[in-house]
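Engineer: For reference, the chains in residue letters:
Number of protein chains: 2
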Amino acid sequence: MLYDLTVLQFSKMLNNLSALLDKGAQQAEAKKFDVSVLLNARLAPDQFNCIRQVQIACDTAKLGVARLVGGVETAPVHADTETTLPELKARIESVLAYLASVQPSDFDGAEERHISQPRWEGKYLTGLEFAIQHAIPNLYFHVTTAYAILRHNGVDLGKKDYLGAMPYKH
Amino acid sequence: MLYDLTVLQFSKMLNNLSALLDKGAQQAEAKKFDVSVLLNARLAPDQFNCIRQVQIACDTAKLGVARLVGGVETAPVHADTETTLPELKARIESVLAYLASVQPSDFDGAEERHISQPRWEGKYLTGLEFAIQHAIPNLYFHVTTAYAILRHNGVDLGKKDYLGAMPYKH
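Protein sequences appear in the order of chains A and B. Heads up: the first sequence begins at 4 in the numbering used here, then just goes up one per residue. Heads up: the second sequence begins at 4 in the numbering used here, then just goes up one per residue.
Bear in mind the hints are in silico, worked out from the structure with no lab data behind them. Any given hint could turn out to be false.
Identical copies go unnamed one by one, so any copy, or any two together, can satisfy a pair.
[Claimed, not checked] Listed next, the in silico DSS-like pairs over lysine-lysine satisfying Cα-Cα at most 27 Å (straight line):
1. K15 with K35
2. K126 with K92
3. K172 with K34
4. K15 with K126
5. K15 with K162
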């Protein structure tokens, strides 16, 4: 189930995020302002701007999965230098390609794996705890905050843009 | 795992949300304004205010779990009449009490259960799809949006307030 929760669902959310940014670009074009205004917008002076929210959403997806499958060194490296929409979308695409390379079988033992980060000073979470209490809430936090920044600046977004399509059955 | 992802983690996030609102109240008291200003704030004219974000976060947790365990009729009913912080916190407490009444064994068969809602016009999702693609992203959306509204209005919040404590081990 961790594969579905992370690889599949994070990929879906990153695609949704990319589409949210496109809607921002459409709004900018229609209203004749530079999309960089939206990309550099933020909700509070000491909160990250939209660019940084997208970068962190990408890193949360990439490193969350990489840590769960024990392969941080296999994840693509990004220098956080994006300033334009095409650059941000390329970063999302790079993470999507990485996620697509991860197989369900890579998650064997992931729930019990000890996950740590440098800033945790030697402490760890189990893979299950890390996924449920750290990676997943963080991913949604940054996608929602990017959405909120765009929404606050008048981009015409709705919940459906955030959630994406549902696999409804009859 | 669905029990941990929903009952346990939704409870954690609702407790975090309650603490976010308390921080808003502290800020209001320190700055000598009425906390209702924060509760009625929103990020866009046509987006729900903070009160409604909290109400929907509560409903997403309550009904998400109730639908997964096949017990919508056992969930507490709320009339969406809250206007004050104590009322909002009482609603959160009510949902926490309901979640605490749900047992892991209630989730037997939940992943395959057909989940529907009136607005889906007869279509359904499996329990696993509903949890991963609908209930979980919605819960985080509304908690993060409440956070963003408070943060935008100067409340001193950080990511740790959103995520809550981690069960780190040595």
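Engineer: Mind listing which of the numbered hints don't hold for this structure, in increasing order?
Structural biologist: Hint check: 1, 2 and 3 fail, others pass.
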